[in-house]
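Q: Note that the protein sequences, when read in sequence, are chains A and B.
Counting in this note's numbering, the first sequence runs from 70 upward without gaps.
Counting in this note's numbering, the second sequence runs from 70 upward without gaps.
Everything labelled a hint here was simulated from the structure, so no lab data went into it.
It should be emphasised that the depicted structure is a prediction, and the values quoted were computed from it without experimental measurement.
Check before you lean on any hint, since a few could be wrong.
[What the hints assert, rightly or not] Result set (DSS-like, lysine-lysine): computed pairs, CA atoms no more than 27 Å apart in a straight line:
#	chain 1	residue 1	chain 2	residue 2
1	A	Lys606	B	Lys397
2	A	Lys397	B	Lys606
3	B	Lys602	B	Lys487
4	B	Lys537	A	Lys606
5	A	Lys404	B	Lys579
6	B	Lys579	B	Lys404
7	B	Lys537	A	Lys537
8	A	Lys494	A	Lys178
9	B	Lys336	B	Lys111
10	B	Lys487	A	Lys579
11	A	Lys114	A	Lys537
12	A	Lys253	A	Lys537
13	A	Lys606	A	Lys211
14	A	Lys114	A	Lys606
15	B	Lys671	B	Lys661
16	B	Lys114	A	Lys404
17	A	Lys671	A	Lys111
18	B	Lys602	A	Lys404
19	A	Lys602	B	Lys404
20	B	Lys537	B	Lys253
21	A	Lys178	A	Lys337
22	B	Lys579	B	Lys336
23	A	Lys178	A	Lys579
24	B	Lys494	B	Lys336
25	A	Lys253	B	Lys537
26	A	Lys114	A	Lys487
27	A	Lys253	A	Lys494
28	A	Lys404	B	Lys253
29	B	Lys602	B	Lys253
30	A	Lys404	A	Lys253
31	B	Lys671	B	Lys487
Number of protein chains: 2
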Amino acid sequence: MLALLFGAIVIAVCCVIILIFRILDSSPGNEETIRLSEMIQKGAKSFLFQEYAIFFPIIFVIALLIFIFLNWICAISFIAGAVFSSLAGFFGMIIATKSNARTSWGAIKGLPSALRIAFSGGAVMGISVSTLGLLGIGLIYKLTRNVEYISYYSLGASFVALFARVGGGIYTKAADVGADIVGKTEANLPEDDPRNPAVIADNVGDNVGDVAGMGADLYESYVGSIFSALALATIIDARFTDAIFALVTFGLLSSIASVVITLTAGKKFRDPSSALRFGTILSSVLVAVCMFVYSAVINLYNIFFVVILGIFVGVVVGFVTEFYTSGKKVINLAKSATMGPANSMINGISLGMESTSVVTVLIVLVVLISFRLLGLFGVALSAVGMLSTIGMSLSVDAYGPIADNAGGIAQMAGLDSKVREITDKLDSVGNTTAAMGKGFAITSAALTSLALFSNYANVAHVSTLDIKDPTLFTGAMIGAMLPFLFSALTMKAVGNTADIMVEEIRRQIKEVPGIISGQVQPDYNRCIQIATKGALKRMVFPSLLAVISPVMTYFVLGPSGTAGILIGSTVSGVMLAIFMANSGGAWDNAKKYVEEGHYGGKGSLTHRATVIGDTVGDPLKDTAGPSINILIKLMAITSVVTAIFVGR
Amino acid sequence: MLALLFGAIVIAVCCVIILIFRILDSSPGNEETIRLSEMIQKGAKSFLFQEYAIFFPIIFVIALLIFIFLNWICAISFIAGAVFSSLAGFFGMIIATKSNARTSWGAIKGLPSALRIAFSGGAVMGISVSTLGLLGIGLIYKLTRNVEYISYYSLGASFVALFARVGGGIYTKAADVGADIVGKTEANLPEDDPRNPAVIADNVGDNVGDVAGMGADLYESYVGSIFSALALATIIDARFTDAIFALVTFGLLSSIASVVITLTAGKKFRDPSSALRFGTILSSVLVAVCMFVYSAVINLYNIFFVVILGIFVGVVVGFVTEFYTSGKKVINLAKSATMGPANSMINGISLGMESTSVVTVLIVLVVLISFRLLGLFGVALSAVGMLSTIGMSLSVDAYGPIADNAGGIAQMAGLDSKVREITDKLDSVGNTTAAMGKGFAITSAALTSLALFSNYANVAHVSTLDIKDPTLFTGAMIGAMLPFLFSALTMKAVGNTADIMVEEIRRQIKEVPGIISGQVQPDYNRCIQIATKGALKRMVFPSLLAVISPVMTYFVLGPSGTAGILIGSTVSGVMLAIFMANSGGAWDNAKKYVEEGHYGGKGSLTHRATVIGDTVGDPLKDTAGPSINILIKLMAITSVVTAIFVGR
């Protein structure tokens with residue numbers, strides 16, 4: 070199976086290279102679009118390098134500790150996880166910033182051409198993430214045949230992911246909120262207007278947050294789920310190890326095939342959203358067919374059922390997210406905004422909280438059914454199944470910010486309004502897929518956490534919890550509190566950085582009157598620096614919290630307290646993440662619904678109320694919410710590693 | 070010890086009778102204040118009777134089931150718990166509505182006289198609640214010597230409490246929000262203006278929500294904590310049973326003494342808040358001294374330490390709540406409102422979420438230390454210790470809405486503006502004590518839940534939880550989701566009822582022009598009916614959720630799943646409740662801070678932003694938040710009863 074895996078990796082690498090050449094082949098446009106694109110790339114690169122300069126020293130210190138207390142293989146695995154994760158994000162970001170101007174230029178030729186470039190850019194990211202993940206795991210497993218080392222790899226990946234998500238999340242939302250408050254509300258500039266001093270920072274934010282941050286995020290979900298499945302498989306049955314490698318190999322190949330088919334057949338679809346949906350469903354069908362054949366060959370159909378269950382629920386959660394963040398729900402939310410911003414806030418909060426119920430029931434069903442079919446390994450495998458076509462689904466996710474950037478560049482470079490129409494269409498599809506991707510990320514995080522929790526139980530040798538030992542309960546209490554504290558810190562980071570940004574934008578507009586009249590170019594770099602500095606300064610503490618708290622709990626409250634902290638953080642974190650994603654998504658779309666001309670349209674009081682909702686929702690859905698997914702997994706993997714370490 | 074308890078109860082009854090006579094002795098004022106007070110009382114009575122008409126049939130059906138499957142003692146205990154709880158709320162409400170006009174009339178003579186009447190009214194409620202709670206428990210224990218029956222008593226109390234809290238909470242906030250949106254914002258009427266059609270409904274709301282609802286709430290906390298301590302004591306050591314009765318007896322007597330001293334010495338304090346603080350601290354010191362002597366006599370000092378710990382942390386949590394809802398935190402929140410409503414929302418949410426950390430650490434410390442001293446019984450005893458002086462602390466809590474109502478009556482009856490100044494002063498003290506009371510209620514709920522959880526473990530015979538059995542995890546997931554769903558439902562109930570209220574107020578103002586000019590009295594009853602109908606219709610489903618979900622979980626997922634649901638609901642519920650209470654409290658006070666003239670004062674854009682924050686915070690802090698405390702305890706006690714039932 071491993072040989073097949075490496076074969077698939079070679080195919081994937083070839084595919085990525087071809088995609089890159091095809092992207093670079095298309096025209097980056099005129100001088101202006103090239104200049105803008107390079108400015109965005111420069112800003113994003115500079116942020117990522119400064120981010121690495123902060124967290125790689127921490128990583129090397131941890132690696133050194135691992136080397137001193139354990140051995141060099143563990144240390145190297147840890148570093149490899151961190152480096153590969155950073156590479157995936159960095160690489161995706163570079164290609165995304167190469168694709169943005171090309172997409173806007175391609176839009177001159179029409180929608181299919183623009184879609185092709187933007188989706189190719191996303192696909193580079195999607196396929197790279199899964200390839201790099203599998204390469205690391207495959208190599209470690211081939212060389213050592215010891216799953217324990219993969220835990221360090223996974224730890225490295227999670228560690229980087231949290232920093233990347235939190236840092237990128239703070240950056241993107243601080244720039245976005247800052248640009249909106251002064252630019253849109255006070256100076257009445259349209260979105261992506263070159264006169265807005267924060268406009269480049271805003272576009273950089275899309276790349277460092279939604280591309281690099283999300284890449285690292287899904288990379289760690291993928292690696293974490295595969296690790297937990299492998300760890301459980303080695304204890305139970307060697308056949309299961311093969312099944313996991315088969316599943317991820319088929320998943321990678323199915324994703325590549327779907328990407329290629331979407332790119333070639335994409336023109337036949339009039340509507341970009343149906344093209345992307347077709348590709349996503351195709352990849353799921355392909356992997357399902359492969360797994361059916363595989364299960365038939367090894368005569369263990371339960372593997373097929375569990376994988377199908379994971380894939381199916383992943384899709385259903387997407388629809389549930391869509392249900393809560395579009396259609397009737399959003400119309401009702403927009404209607405409640407006619408009674409003022411307070412009403413829209415209350416209804417939005419209540420909508421997000423209500424949505425936790427359906428997603429919870431779905432997660433519970435997956436867990437119980439897959440457990441019945443294959444035990445705890447089944448739960449882990451269903452998570453891997455859900456994430457197996459990540460190559461395709463991440464391509465769709467990463468396509469969004471590229472389309473968004475393309476629109477920004479078109480606007481700033483003053484391209485034809487038809488171009489902007491096309492990029493807007495691409496962008497709005499991206500918003501829907503982003504919302505669905507969030508539901509998917511939360512569900513897979515919940516399943517992966519549970520699987521990691523079982524691994525923790527194995528390595529910490531706690532098979533039962535004493536119900537009368539209050540450490541379980543107090544641990545759960547602390548665990549449940551952490552996502553709240555973590556959200557508070559990241560939201561405050563966005564708020565504080567946005568405040569500084571607002572002041573800087575106001576200062577520039579006030580001191581240099583030529584900016585608003587369009588004669589003088591604003592000082593974009595100052596805004597980029599503010600976002601960079603703010604994000605980097607404020608990402609460290611919340612991120613370290615995730616690592617330090619389970620370790621401290623382990624030493625203070627013992628293994629049972631750590632079990633408690635994992636249960637508490639997972640259950641409260643999942644609820645908060647669902648609530649934040651769906652409230653935020655619904656507010657965002659309610660604003661768009663009003664902007665389409667309903668309930669008074671743009672400029673009305675109702676519109677103002679929905680803008681407030683959207684601004685509140687932004688840090689919830691794009692900073693705090695997605696980071697919680699990584700928080701709970703990083704806490705789980707840290708506990709696993711701590712228990713392994715202590716157990717030696 | 071039981072004889073002493075009944076002695077204390079007799080003293081308490083005498084004290085309540087004297088207090089009532091003294092209240093009735095003071096003048097209810099002129100024709101207008103009497104008319105207003107009677108209108109409020111009529112509205113409140115009518116709501117409570119309709120509420121009883123809805124939940125008593127449900128209670129009798131459950132009692133019948135208990136009778137059929139178990140025996141008549143259980144059924145009667147259950148009914149007694151429900152009836153006593155309702156009585157406590159009803160009685161408190163009647164006296165509160167007798168005291169309101171008298172307080173405003175008393176304010177003519179000066180602040181001490183008004184304080185005396187309002188606090189006497191609160192004290193009737195405070196002492197009645199603890200007396201009724203102890204009477205029920207004492208009688209059942211004396212007659213049966215079987216703690217199991219007290220679980221049914223506690224179940225009855227919790228059941229009523231949840232209905233009363235949810236129903237009252239929806240009523241009071243729907244009326245408040247409705248009155249504010251149209252009255253204050255649209256028609257520019259001041260607070261409590263008789264031209265506002267919802268003004269009487271708003272004042273009725275204070276009585277049914279903040280008096281009757283809160284009375285039933287603390288009644289059930291008190292009974293629940295005593296039950297769980299007794300249940301643990303009977304297993305461990307008979308001496309502990311005596312210690313509990315000693316503690317509650319001393320607590321009742323200390324409360325009575327403190328009430329009497331506060332009333333007689335109250336005039337010596339210039340400032341009402343120091344008088345009330347003095348009384349509160351005095352009651353804690355008195356009970357601590359008594360318990361020290363008692364511990365010395367039975368030579369078991371750990372009892373003293375645990376009780377002191379509970380009392381001390383109760384006080385510290387109060388200060389933490391004060392820290393987050395006043396002073397620098399509130400000034401910063403008000404400052405962030407200068408950047409618009411979205412900023413104030415984000416910062417307010419983040420403030421509340423951050424505050425969960427300190428409270429969690431405090432709860433964890435109490436649990437771990439009291440467990441070390443006296444095992445699980447210690448945890449239960451610390452909760453009883455915290456609640457032992459409920460007679461005094463509830464007197465302070467219930468005084469707030471009476472002062473609030475007195476202010477409303479003074480305004481509506483057109484009394485001298487000096488009267489309103491005095492009642493405003495009394496009211497603002499009430500707001501602080503109410504915020505502190507919330508922190509206290511959450512902390513004691515967390516401790517009581519843990520103690521009930523241990524009882525559940527005993528009766529369900531689950532001493533260990535299999536960590537690899539996913540029912541624990543899935544149960545915790547469902548448990549964590551329920552407070553979110555529950556909050557969504559109650560908040561939506563407030564929103565929907567408020568919407569209908571808004572339409573009715575707008576209709577009246579539009580159709581009858583004489584209302585705004587003050588020539589025609591608005592149709593108060595229509596608004597009262599809307600609030601009543603809305604609250605009663607929408608309280609049933611969320612309340613039943615709390616009873617049905619643990620029972621269903623027990624039968625579907627088994628005892629371990631139910632353990633999971635209890636852990637999950639407690640940890641996520643406690644976090645949500647802290648978050649909601651403190652965000653709401655901070656928004657409320659930020660608005661008041663701006664109204665005092667800071668950052669532009671009344672009418673400024675900043676003021677508008679803080680009004681939005683306050684309106685969003687209202688259903689969070691006064692409807693959803695406090696109900697969650699009861700939700701988690703009702704789920705726990707339902708699980709205990711279900712396990713006892715199945716175990717037979």
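Q: Would you mind marking each hint as holding or not holding in the structure?
A: Tested hints:
Taking the CA atoms of lysine 606 (chain A) and lysine 397 (chain B), the gap is near 23 Å; set against the 27 Å cutoff, the hint holds. The suggested pairing of lysine 397 (chain A) with lysine 606 (chain B) holds, with an alpha-carbon distance near 23 Å, which does not exceed 27 Å. Under the criterion of a C-alpha separation no larger than 27 Å, the hint pairing lysine 602 (chain B) with lysine 487 (chain B) is inconsistent with the structure, at around 37 Å. Between the alpha carbons of lysine 537 (chain B) and lysine 606 (chain A) the distance comes to roughly 40 Å, so the proposed pair goes past 27 Å and is violated.
The straight-line distance between the Cα atoms of lysine 404 (chain A) and lysine 579 (chain B) is roughly 22 Å, inside the 27 Å bound, and the hint therefore holds. Proposed proximity of lysine 579 (chain B) and lysine 404 (chain B) is contradicted: the alpha carbons are some 37 Å apart, above 27 Å. With a CA separation close to 18 Å, the supplied pair lysine 537 (chain B) and lysine 537 (chain A) stays within the 27 Å bound. For the proposed pair lysine 494 (chain A) and lysine 178 (chain A), the alpha carbon gap of about 15 Å is at most 27 Å, so the pair holds.
Restraint check for lysine 336 (chain B) and lysine 111 (chain B): not satisfied, since their Cα atoms lie roughly 33 Å apart, outside the 27 Å limit. Between lysine 487 (chain B) and lysine 579 (chain A) the alpha-carbon distance is near 48 Å, which puts this suggested pair outside the 27 Å criterion. Simply put, lysine 114 (chain A) and lysine 537 (chain A) have alpha-carbon atoms about 53 Å apart, too far for the 27 Å limit, and the pair is violated. A C-alpha spacing of about 57 Å is found between lysine 253 (chain A) and lysine 537 (chain A), which places the hinted pair above 27 Å, so the restraint is violated.
Restraint check: the Cα-Cα separation between lysine 606 (chain A) and lysine 211 (chain A) comes to about 39 Å, which exceeds 27 Å; the hinted pair is violated. Simply put, lysine 114 (chain A) and lysine 606 (chain A) have alpha-carbon atoms about 17 Å apart, close enough for the 27 Å limit, and the pair holds. Straight-line distance between C-alpha atoms of lysine 671 (chain B) and lysine 661 (chain B) comes to about 9 Å, which keeps the hinted pair within the 27 Å bound. Between lysine 114 (chain B) and lysine 404 (chain A) the alpha-carbon distance is near 35 Å, which puts this suggested pair outside the 27 Å criterion.
Restraint check for lysine 671 (chain A) and lysine 111 (chain A): the C-alpha separation of about 34 Å exceeds 27 Å, so the hint is violated. A threshold of 27 Å between alpha carbons decides the hint, and for lysine 602 (chain B) with lysine 404 (chain A) the separation of about 23 Å falls inside it, so the pair holds. A distance of roughly 23 Å separates the Cα atoms of lysine 602 (chain A) and lysine 404 (chain B); the hinted pair therefore holds under the 27 Å criterion. Distance restraint check for lysine 537 (chain B) and lysine 253 (chain B): the Cα-Cα separation of roughly 57 Å exceeds the 27 Å cut-off, and the hinted pair is therefore not satisfied.
Straight-line distance between C-alpha atoms of lysine 178 (chain A) and lysine 337 (chain A) comes to about 16 Å, which keeps the hinted pair within the 27 Å bound. Between lysine 579 (chain B) and lysine 336 (chain B), the direct Cα distance comes to roughly 48 Å. Violation of the 27 Å bound is thereby established for this hinted pair. Pair hint lysine 178 (chain A) plus lysine 579 (chain A) does not hold up; C-alpha atoms about 40 Å apart against a cutoff of 27 Å. Of the pairs offered as hints, the one joining lysine 494 (chain B) and lysine 336 (chain B) holds, with about 15 Å between alpha carbons and a cut-off of 27 Å not exceeded.
A distance of roughly 53 Å separates the Cα atoms of lysine 253 (chain A) and lysine 537 (chain B); the hinted pair therefore is violated under the 27 Å criterion. Straight-line distance between C-alpha atoms of lysine 114 (chain A) and lysine 487 (chain A) comes to about 31 Å, which puts the hinted pair past the 27 Å bound. Distance restraint check for lysine 253 (chain A) and lysine 494 (chain A): the Cα-Cα separation of roughly 21 Å lies within the 27 Å cut-off, and the hinted pair is therefore satisfied. This hinted pair checks out: lysine 404 (chain A) and lysine 253 (chain B) have alpha carbons roughly 22 Å apart, not beyond 27 Å.
Taking the CA atoms of lysine 602 (chain B) and lysine 253 (chain B), the gap is about 24 Å. The hint holds against a cut of 27 Å. Restraint check for lysine 404 (chain A) and lysine 253 (chain A): satisfied, since their Cα atoms lie roughly 23 Å apart, inside the 27 Å limit. Restraint check for lysine 671 (chain B) and lysine 487 (chain B): satisfied, since their Cα atoms lie roughly 21 Å apart, inside the 27 Å limit.
Comparing the model with each numbered hint stated earlier shows that hints 3, 4, 6, 9, 10, 11, 12, 13, 16, 17, 20, 22, 23, 25 and 26 do not hold.
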